[in-house]
Amino acid sequence: MTCPPGHPPSRREILKLLAAGVSGVSMSGWMGSLAAQPRAGKKKCILLWMDGGPSQTETFDPKPQASADVRGGLEAIGTSVPGIQIGEKFPRLARLMQHAAILRGMKTDEADHGRARITMHTGFRPGAGGVEYPGLGSTVAAELGPEESTLPNFVVTGSVLNKYDYVRDSGYRGPRYLPLVLRQPGNGLEDGQATVPEAEFARRVNLLESLEDRFTRAVDAPAALAHQAGIAGAVRLLRSDRAKAFDLTLESQASAAPYGPSDFGRGCLLARRLVEAGVAMVEVYLSNWDSHEKATADRTRELMTQVDDGVSALLGDLRARGLLEETLVIWMGEFGRTPRVNRSGGRDHHAKGWTSVLFGGGIRGGQAVGATDREGAEVTQRPISVADFMGTVCRILGIDHTREIDTPGGRPIRIVEKGEHLIHEIL
Amino acid sequence: MGPRIALVLVLTSFPAGGAQDSAGSRSSGLSSPAIDGWIGRGLRNAGRAPSAAADDSEFVRRVTLDLTGMIPSLEEAEAFLASPDPEKRSRRIDELLNRETYGRHLATVWRELLAPADTTSAKGGSDSFTPWLAGEFNRSRPWGEVVRKLLSAEGRIARSPETGFILANTLKGDPDPALLADATARLFWGVQLRCAECHDHPFAPWKQDDFWGTAAFFSRLRKGYTEGKNPAGFTFTESPPDEPLSQSNWTRPYPEGVRGPAILLPGTARRAPGTVVRGKFLDQEGPTWNDEGPYRERFAEWATSPQHPYFDRNLVNRVWALLFGRGLIHPLDALGPGVQGSHPELLDLLARGFAESGQDLKPLFRAICNSQTYQRTSRGGPRTGADPSLLDRMPVKSMRPEMLYDSLSIVLYPPVRKPGGKGATTPILPGAIPGTSREEFAAFFAVGQAREGGSVVNPGIPQVLRLMNGPILARESPGLTRFLGPGSTSRRIGESLYLAAYSRRPTPEEAQLLETHLSGSDGPDQGAAGVLWALLNSSEFALNP
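Keeping their order, the protein sequence lines are chains A and B.
Each residue of the first sequence is one higher than the one before, counting from 1 in this note's numbering.
Each residue of the second sequence is one higher than the one before, counting from 1 in this note's numbering.
Hints listed in this document are in silico derivations from the structure and should not be mistaken for laboratory results.
The structure presented is a predicted model; accordingly, all values stated were derived computationally and were not measured.
If a hint is listed, it holds; no wrong ones were tucked in.
Restraint ranges, calculated between C-beta atoms of paired labels, are given here:
(1) 116/B <-> 301/A: 31 to 37 Å
(2) 225/B <-> 374/A: 38 to 44 Å
(3) 482/B <-> 305/A: 55 to 61 Å
(4) 252/A <-> 520/B: 39 to 45 Å
(5) 98/A <-> 253/B: 48 to 54 Å
(6) 67/A <-> 301/B: 53 to 59 Å
For glycine and all other residues, C-beta sits at the position ideal for the given N, C-alpha and C.
Given the sequences, and given the hints that come with them, work out the whole structure.
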């Protein structure tokens, strides 16, 4: 009932935040000098989350030799890397495969959306050991995000699978590493404009700062400090021109067009802007991959085009700006889909053999690692467990995944569960 | 020396158990002096002095939030501060416990724990579970009886609100014995069995058989249909052992040829699939039922009985955590053999008192809220080596989102009493804030799943911005306009807004601060709007002192 479990920010940390944000700088208005620069040499991560679970055989593990009920009416196409074929809906991405490592041996246990979404975000089974685990985004924000940042270190946007919400728990990392959520990437930062004239708003914020200042001196409580950190962060963001990173209307038509007209494309564009501005972690959701019937399966073809446009434009922009080597882009869902089309013309959940793709981040691209059998059902080469995957992602990002973090319950927990075999082929 | 001697006297009269509770708790264990005695002993042993008592403002705001989920209205706060009655605190507690909002608040808290998933669509769109819970709390229904209804609910889910708990523990619509075992152990016993689902528990004595032995009692719970695929016609019922599973049923089959409660283990790393685990009472032997059931009702009897090792202690621990932000055993799911917590004698005493009171929550709340421990101030600077379990000072708690919404409503849209109404003690049900529903607000301001005491307001940037720049504070509201107009002075405006938002009057320094702001504004309307904006966005407003 007090602070959610987690490391509440220490009093000193908060006072530092308050000094930078709420108190002191009111007169100068829009501060620029305090806007933190990204930590030198730290990598960044963009997670493109395919909510609902895309088919591996229709995307990055095509089986052109298999029977028609496996192929599902889609062909394979060649790519910029000899010997690697991908699904026909990805003609633009096919030219960028030299930057990609296709992980075709994903082998996991959870085939329920709710549990698998949490497992593939946190690297742990939900609730294992009675601990709340942070998602990858919170881990990256905590490990790689600038300590004092005007922009949040972790931003989430895009559309989610029907009744589910974004996986955004920061678990034992605590409320500091919760993401900033933008439900509509095109709308920018919601409530980012004051409803009163600037001068009046400044007066109000001044009064609020005085109240906070007095209250900080009167009480000493984690709940109070966490709340003040939120106010400080919001005020800092409002005063900074760095909030412009959220505003997609500042992009020219020519630079936005390659991302395509979809919300997912806009999400990719937003991710590029935020990474450019120094945000450590951006997650873009694309939902509706859950396709048990023909109608929904047919609609996933459109999603593939959105992915082809959005991701290829994102990779192109990152490369053009020299950011691709330091930005890991992950394309994945919570699981794959059954290789054979079912009686309803769709595909069901399939966790024991599926595919994720990594781009950039300094990996050795142009490879497909692991393989499934002729139909895309079972993993036949180089199975990749959840821990293998998470450990490798951490290694690519420069996070020591073997480090133990002290959780609020006093129990140290390894960032990635033991038993991992890193995918050395791509490192 | 006076107070210390008094404290020693109190201590020597416990733990004998006999309590003379002036505040009105009748059963022997539920006594405010006993609480203070045991907490005092802990403090003495640690060599720490307790903080001073909270003043009337701090107390009335805290107790109103804790017992009804919202701050006092301006009028209530003013009346309480003005009252010369020496018994006004205990009277206030009694009065709050009889408000409709008491049950409503507890229902919000427990709904989030019992049914964190949205279950309204399966019930035909309306949430009947929360109002049902509220009614049970307001009627002082014995806690064991409430839980028995939850565990053994049967019939059409649209017509039986108590099916909400089972409904929340379904996979693809079918009751899931593993989820039910986990939730039952965690919420009703304070026991974390989940880790024992796949292997013996690494940190607690629980074995895999403890988990699946609990799940076994739910193994024949099935979803049925009375109107085809229309969710309004879904039912829950315990099937006979030989009933074949329908095509659409994902539930694992009941083990063939087995009599009595049992379950087939799913395939896991350590056991071959197909192993049969018999129903087993946690910490005890299994029942010797060898009949064909039904089993759930009998399981529920045992799970909630006074003989159960954790049932009463868990409830007491959870109520304690609701009021102090932390359980006597921490975390809340750490109960188990040999787990003592910070004040084992106190927990035992309260659990016994709770059982003797007929598992009624109200006397428990009454005893705790009347204690000096609960009525200490939360104010004061940082201390070195502070141990939060000692409770030398009251912890500051966050509000949950519904509490923040209702509190905003009380300030901005003060409930209007009908002329000739019953006056200041009329129960107040806060109204909806125009343009923003309570559900919508709670969804935006809450974060995370239910854990410890449940979710709290997330002080993240989007939430802060929503309050600062969103529609709630942009509208003109009666909560502000009622102070404006002819005859209103800066001093009166400032004092009213402080009482409305913080349940206290401004200090002279703060009054000066407000005066400066108001006099520098373009007219009193704009000035007062600015003050209200700052107060409602502040930490002091959003926290429970």
